[in-house]
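Could you build the full structure based on these sequences and the hints that come with them?
2 protein chains.
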Amino acid sequence: MVSSPEADGRQRVAIEGVSPEVDAGRFPIKRTSGDRVVVEADVFADGHDQLTCLLLYRREEDPTWEEAPMAALGNDRWRGAFDVTVPGRYRYTLEAFVDPYRTWRHDLRRRVDAGQDVTVDLQIGATLIEAAARRATGTDARHLQVLAAIVRNAADPHGALAAAFDEAQAALVLRHADRRFATRYARDLRVTVDRERARFSSWYELFPRSCSPEPGRHGTLRDVQALLPEIAGMGFDVLYLPPIHPIGDTFRKGRNNAVAAEPGDVGSPWAIGAREGGHTAVHPDLGTLGDVRALVQTARAHGLDVALDIAFQCSPDHPYVTEHPEWFRKRPDGSIQYAENPPKKYQDIYPFDFETDAWESLWQELHRVIQFWVEQGVRVFRVDNPHTKALPFWEWVIDQITARHPDVIFLAEAFTRPRVMERLAKLGFTQSYTYFTWRNSAAELREYFTELSGPRLREFMRPNVWPNTPDILHEFLQAGGRPAFAIRGTLAATLAASYGVYGPAFELCEHTPREPGSEEYLDSEKYEIRQWDRRAPHSLAGLLTRLNRIRRDHPALQRDDTLRFHDTDNPSLLCYSKVTADRRDAILVIVNLSPVHGHSGWVTLDPGVFGLSDDDAFEVHDLLDDRRFVWHGPRNYVELSPQTAAAHVFAVRHLRSERDVDEYR
Amino acid sequence: MVSSPEADGRQRVAIEGVSPEVDAGRFPIKRTSGDRVVVEADVFADGHDQLTCLLLYRREEDPTWEEAPMAALGNDRWRGAFDVTVPGRYRYTLEAFVDPYRTWRHDLRRRVDAGQDVTVDLQIGATLIEAAARRATGTDARHLQVLAAIVRNAADPHGALAAAFDEAQAALVLRHADRRFATRYARDLRVTVDRERARFSSWYELFPRSCSPEPGRHGTLRDVQALLPEIAGMGFDVLYLPPIHPIGDTFRKGRNNAVAAEPGDVGSPWAIGAREGGHTAVHPDLGTLGDVRALVQTARAHGLDVALDIAFQCSPDHPYVTEHPEWFRKRPDGSIQYAENPPKKYQDIYPFDFETDAWESLWQELHRVIQFWVEQGVRVFRVDNPHTKALPFWEWVIDQITARHPDVIFLAEAFTRPRVMERLAKLGFTQSYTYFTWRNSAAELREYFTELSGPRLREFMRPNVWPNTPDILHEFLQAGGRPAFAIRGTLAATLAASYGVYGPAFELCEHTPREPGSEEYLDSEKYEIRQWDRRAPHSLAGLLTRLNRIRRDHPALQRDDTLRFHDTDNPSLLCYSKVTADRRDAILVIVNLSPVHGHSGWVTLDPGVFGLSDDDAFEVHDLLDDRRFVWHGPRNYVELSPQTAAAHVFAVRHLRSERDVDEYR
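Protein chains in written order, with our numbering: chain B, 102 to 766; chain G, 102 to 766.
Just so you know, the hints here were simulated from the structure itself, not pulled from any lab data.
Honestly, I wouldn't trust all of these hints.
Note: identical chains are not told apart, hence a pair may lie in one copy or across any two.
In silico EDC-like links for lysine to aspartate or glutamate, alpha-carbon gap of 20 Å or less [stated by the list, open to error]: (1) K445 to D218; (2) K446 to D218; (3) K431 to D218; (4) K431 to D150; (5) K446 to D214; (6) K431 to D458.
Structural data, given as structure tokens:
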């Protein structure tokens, strides 16, 4: 017998070039609830027969597919869409078939137009309708039988033709199409649907131990709780805390990363584990588990998620070290292998050995840690250095957690090579740190954000951009003073739908490096308690508050896929826009990237981005200083000085009538 | 227990972005015997451990994989290669693993360079070598035991280090690496390896019935045989004959496609089948099956393949129509459904019904037809309108034939939509007709051939370009006279490694359309016997002979993947180059696309294509008229007149020394 690659050699339709699809369906695409998933594919058969092409979709737990018709775009490309309404997992695929009835109607029209005799053709159509009637039941079957009789009735050719060309009747026949030889696309594709904060979020990081209002006292989670109104008032919606667990004594680092700690030094929160416990314990000086729960609940009342830090590594004092020596690598001298990047040694950190024979119990325990914090109410995790743990672990553990808690968000702190960073996003991380911190020129920013928002990455990687972190004080901030912080904060808040700052260091423009050439802070909070004067007059809290307000008011800034750059004639000026799908909200940003000099120049907009034509007039309304201008056409002049404002953040409004323009004359 | 997406959670390596790969491995890539298959992939793991990455390959019938090491290119990209030596099917895939020994050596070097104590590290290394010894057998095992002892010997640290850093010793350890946690790429990928003619071929099409030397007599296969020395002498290597089968009487077309034939009209060879037989019979006026075998054999002695036409359709007189009515579609009036493109009707052609319940016996019979001709010695088939037959059929039948006869070549005559044309190439067609015939301006040619030779298509689609066919006399040839034919012939022969002409119409510049606006010939050979004066003084046979000679002498012209276009400042001048992989052969072509006017201008070469730098001097040697020039740098002046030559076809020779230049002073 014939062994066809298809199940039946009569499956004549080919389906290929499906988009979106990540790595041939190995990984899901990401969306947020309320999104419309638009799917395109090349769908065609031999010859000139008419096709029906359907988009099939379902929630993962639903046994049956929903169907949406796909429309032909020309050149054998088809498009369809479905809505994802709630967080969870969805699937989609395609089915298409040659439709004899659709083909028959299409040809009948051409025959009639050419004045040909269609007596035999009407008989053929009637036979097709009768076949549909046999596939249908109930009312549909009866209607189809009547329709077949009308089309077959040679005594009334006009009535037959009228019935054949009736759209409602045709829809009824097509509803009962012959799908025996339908081609199903080879793969079921997956969608991970997250809650909206996965796409749009504003993060604020702080060290709880520096939050005491009393100088010299170790701050507590209750002190953090007291700051919630202020942080929420600035417009942030995620409060991220570095690890809150007991800190090891052995090999504890001193201030400014000194190899030996002095008495009273508090150590690094990332040296997790001590007598008091490990990854599920709370540092006694910070408070109790009850305090964590209270903080999480109070934060939620302020519209804030509390994000905890998942740093899967141990201090030498961590209970795991004695209770589960099988999770660590031993050296021939009997010692445990500490972290290294030869010739550098980190004796205060023991990494887990993901190649241990006991890898399964290790995975289970690490899953238990995350699950533990989920049970305390935590729904956002910032994962420390995920790129130094086995990649398959992350796919497994994120799947385990989000299967039961689809509202959990994981941010990957993977400052590593591009392919590894991207893989972590594919494996399930909700958001990803980026190279933004090191992209400072207009050309660098344009190239990088074009890549991030482009078709290769946008389906699975959601950038979360940070102008500073406790580990990274970029030279640009060291040298540029307050204007540099204003520039970077404005860029972060408007280039990316998700961004974050490490505060109060950020708004207070903390900029002194530990030593020249270092990206580490002098007197870093990583190793000591700091006091911050949150009311200092030079604080940028006002700017951040304003930017967060603009982000909340303007849905264009709450997505990354519509980011477009526009040309300027001055390399110190960066110009870009974001719009909503319906273009009713449109934001245009022009940033002067110099913290020192004023810059002016001409920007050349792509007016089509805003639904404008080349000679349209439109209003640009600066949401930072509330000034309004009327611009005409693509080329417009701008002038920005670091002494007054880092940027224009314009809302763009199309002036539809001469009267709109007159208002400004 | 833990259920990891990987078989073992310790499979830490990810393999993705494999290239070449067609539609996630659904289809094979194409190569010809003697090619080197270069494979790249993104391969990486968590952390900073060193990897070993291997390219696995085998002939499909071999049970075991060969392995070739892949080398890191940077940014987690790896490259490896293997050779395909004989026609047939090959497979390839990748395997990679974290290599503790490689990592250990890499780190040891850095520790030693930093002056650290490595006593414990040498013990770790010795343990790794001992593990390798246990995986090895025989001499290798004994060598590894000795090596381990040397590395473990604390009494002689210098000897231990010397042994550890010895490259030959390291290679031995790596040969017995621990591959328990190796990642195998998810898919085995396929290569179809054809004989060289699949990549590089020069086709000549003629109608045998027009080959009689006696005016008025019906030409025969023996007449064709007599022409073989002349066709081979012109440098062609495939002689393609339209269908040679009996031609139907019923609804036979007359001269110039007249609806009714006159007595004596010979009919269209594509109306296959009569009393005398169908697709495995020979038209009695052409000769016998023995004549076919003799022609094929004699042609082979001249270095020519005879290509037969596979046109799977029937005249109403075809024996199938009565013997296998189940292979055709019936209309309600009992008649058989003829070919249609409403409102056009082709009553002389019955298409097969690929949706018949008897599709399997139909497929088997069509396979038998091809197999029949293969058994007569035919190894090349030009397939008529494959896009009007079920696509899965082609994948099956080409697979069936080439499994036993990997030297068989199928050319798809699919003048249809791009996706369908491409799909046929993916499904197995060796070569594909293209849109070349309708691409005449420099911009059109540059865009189209850039696409054809680009990464999306070149892995599976081999263009075969024709300036004319019996169906297509383009307006450019109708209007442009002899220079137009010279231009199109030169473009075809130098743009594509495979090209063909429909002769003698081509070299005799047959250019009169049936009526204005038509691409059909007046007095087309499709419907009547023609006499050709092969010795006519205006014949372009000399040019074709010269072009074919150049193609044979210059391997750069025998491949399509290195085609590059260079800028000119005159839109009537098209400039392009082809080189061999080692750049030892390089051809530069500049064509004046106007058949009427002389044109001059400056071409700006990309000198890197030829391995030249911007200020190098080089010789260009016109292989058409044997003139030589020395050019300096990228910008050079050219002048071409249709009265003298359509083009320069330059061999490019790098002048390595001043002496080379002096020759020309």
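Exercise. Would you list, in rising numerical order, the hints stated earlier that this structure does not obey?
Key: Of the numbered hints given earlier, the structure breaks none, since each of them holds.
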